[in-house]
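*Asks:* If you want the building blocks of each chain, they are given just below.
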Amino acid sequence: MRVACPLCGDRDSREFTPVGGAELVARPAPEAGAEAWDDYLHNRVNACGPSQELWYHGAGCASWLVVERDTASHEVLGVTLAREVAR
Amino acid sequence: MRYNALKILKEGLIGNRGWRPAWRTPDPRPEYDVVIIGGGGHGLSTAYYLAKEHGLTNVAVLEKGRLGLGNVGRNTTIVRANYFLPGNSEFYSMSLKLWEGLSADLNYNVMHSQRGLINLFHSDGQRDAFARRGNAMINQGDDAVLLDREGVREMLPYLDFEQGRFPIFGGLYHPRGGSARHDAVAWGYARGADSRGVDLVQNCEVTGIDVEGGRVTGVQTTRGAIRAKKVAIVTAGRSGQVAALAGLRLPIESHVLQAFVTEGLKPVIDHVISFGMGHFYISQSDKGGLVFGGDLDFYPSYAQRGNLPMVEHVMEAGMTLMPMIGKAKVLRSWGGIMDMTPDGSPIIDKAPIDGLYLDCGWCYGGFKAVPGSGFALAHLIAQDRPHADAAGFRLDRFRTGVGLMDEEGTGAQHNLH
Ligand SMILES: Cc1cc2nc3c(=O)[nH]c(=O)nc-3n(C[C@H](O)[C@H](O)[C@H](O)COP(=O)(O)OP(=O)(O)OC[C@H]3O[C@@H](n4cnc5c(N)ncnc54)[C@H](O)[C@@H]3O)c2cc1C
Ligand SMILES: [Zn+2]
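Line order of the protein sequences matches chains A and B. Per the numbering used here, the first sequence starts with residue 1, numbered consecutively. Per the numbering used here, the second sequence starts with residue 1, numbered consecutively.
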């Protein structure tokens with residue numbers, strides 16, 4: 001797998017750490033309640049097929065990225081800076 | 001048809017014309033007391049114990065493909081009871097005891113081989129951790145022996161003991177650990193369930209779960225609608241997708257785990273060995289292939305195949321531990337879909353919908369659990385209360401934080417196990 005970081009270009013997937021579904025970008029408010037936090041921390045969409053994921057480019061520019069990737073084929077479909085997605 | 005040595009002899013004399021298929025291939029009936037989704041090891045063993053232990057035979061196992069072609073036929077077959085934490089310890093201990101009587105119980109040779117498992121350690125700190133684990137195993141009533149370097153050398157003379165970076169300090173030896181024949185386990189349970197009246201329905205994918213007024217009433221499948229009083233989701237790596245059919249979101253992420261096998265060789269590795277400083281474990285199959293694996297690729301996947309970085313890591317770790325392996329040629333590699341939970345331990349519990357049961361989250365360790373999981377889930381379905389040895393496998397432990405079972409001690413968080 002190769003991942004095209006918007007800042008660094010096309011790189012070996014070993015430079016990155018996949019952290020989980022991109023729903024992690026939408027952090028609940030601190031007082032959103034136990035259920036919302038349980039859902040955020042533990043439960044996952046876990047889709048088979050095109051998915052939005054949060055990746056960290058630790059061995060590159062240290063950006064958080066939203067990687068769109070097909071979990072059935074491993075094809076990387078698109079990469080965006082997470083801060084742009086969170087906006 | 002009971003199998004025995006005399007029967008084999010007789011069939012040999014008459015050209016093997018008397019053998020019959022080991023199970024029927026029935027069409028699904030419109031209604032069952034219990035429908036089990038997933039014909040892997042856990043689904044089949046659940047059906048077997050429902051019939052055998054609880055007299056429930058109006059049961060169907062619905063499998064979207066053919067029986068036993070999921071993880072149960074793709075794993076590296078290590079069977080052990082060397083867990084550390086309450087909740088896991090008693091469960092895997094119970095499962096290993098079922099393994100020990102399984103071939104006789106099923107009248108089917110599952111080739112359970114207790115050749116001994118050795119977890120190597122490479123530092124004083126790791127020795128302490130393994131000593132503590134060994135004591136937990138002994139307290140549970142299982143077996144563990146702490147070997148020093150010379151003890152390991154006697155059993156495994158071919159390891160690189162003087163390796164400069166990761167010298168071998170010793171190993172935790174679990175004599176009752178070993179392996180079994182994966183397909184035979186699925187086939188043996190399938191035959192046992194079928195002969196007790198369970199319908200094993202193949203090529204039958206569940207595409208919907210019917211819920212009325214908070215209660216499950218049946219399933220929709222590619223072979224029509226089937227009504228059921230109780231439904232169990234036992235679909236390993238696909239658990240998240242199947243649970244979504246009932247509107248549930250599970251604490252599960254599906255990942256790929258790879259495995260490798262070499263060409264067949266003369267007997268050389270008599271035990272199951274795991275390296276303590278890199279992701280590598282190995283055993284030799286009865287056909288002679290060296291079967292080995294490592295860790296997850298660590299990105300979500302349903303592909304049933306992995307990527308090269310983990311291949312490279314596993315090969316490097318193997319070469320570090322036993323340089324002789326460099327002479328063997330890798331024949332095949334493959335992957336399976338792992339249902340990973342945040343704490344790396346499984347779930348056997350009622351779902352928040354009446355009549356719906358969950359058996360999932362087996363991560364990379366669910367083969368050894370096939371007998372115990374089926375035994376415990378059958379108990380839960382039949383009696384609507386958890387089996388004592390599996391009572392810790394609760395769905396709500398992540399929300400409450402009570403009873404988390406994080407064997408690796410890395411934190412109950414996705415992506416750490
Ligand atoms: C490479 C590898 C190595 C492993 N090594 C070990 C090991 O050494 N020791 C160990 O203890 N464990 C090991 N495991 C883990 C173990 O194999 C699994 O935890 C266990 O097999 C999972 O349970 P199962 O057998 O029921 O799963 P499966 O065999 O995957 O069964 C699930 C079944 O559900 C079916 N299904 C899915 N969706 C649907 C649907 N919608 N409708 C109908 N049916 C459906 C699937 O087709 C499948 O047959 C390993 C796994 C892998 C991949
Ligand atoms: Zn970058």
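Keep in mind the hints are simulated off the structure, nothing from the lab. As the structure is a prediction and not an experimental result, all values here were calculated from the model. Warning: the hint list may mix true and false statements.
[Unchecked claim] Here are some chain B residues the structure puts well away from chain A; computed CB gaps all over 10 angstroms: (1) ALA22; (2) PRO157; (3) ASN203; (4) GLU263; (5) SER333.
[What the hints assert, rightly or not] Computed from the model, here is a short list of chain A residues facing chain B with C-beta under 8 angstroms: (6) ARG14; (7) GLU15; (8) ALA32; (9) ALA36; (10) ASP38; (11) ASN43; (12) GLN52; (13) SER63.
The beta carbon of each residue, even a glycine, is placed where N, CA and C say it ideally should be.
*Asks:* Run the structure past the numbered hints and jot down the numbers of the failing ones, going up.
*Replies:* Violated hints: 7, 8, 9, 12 and 13; rest satisfied.
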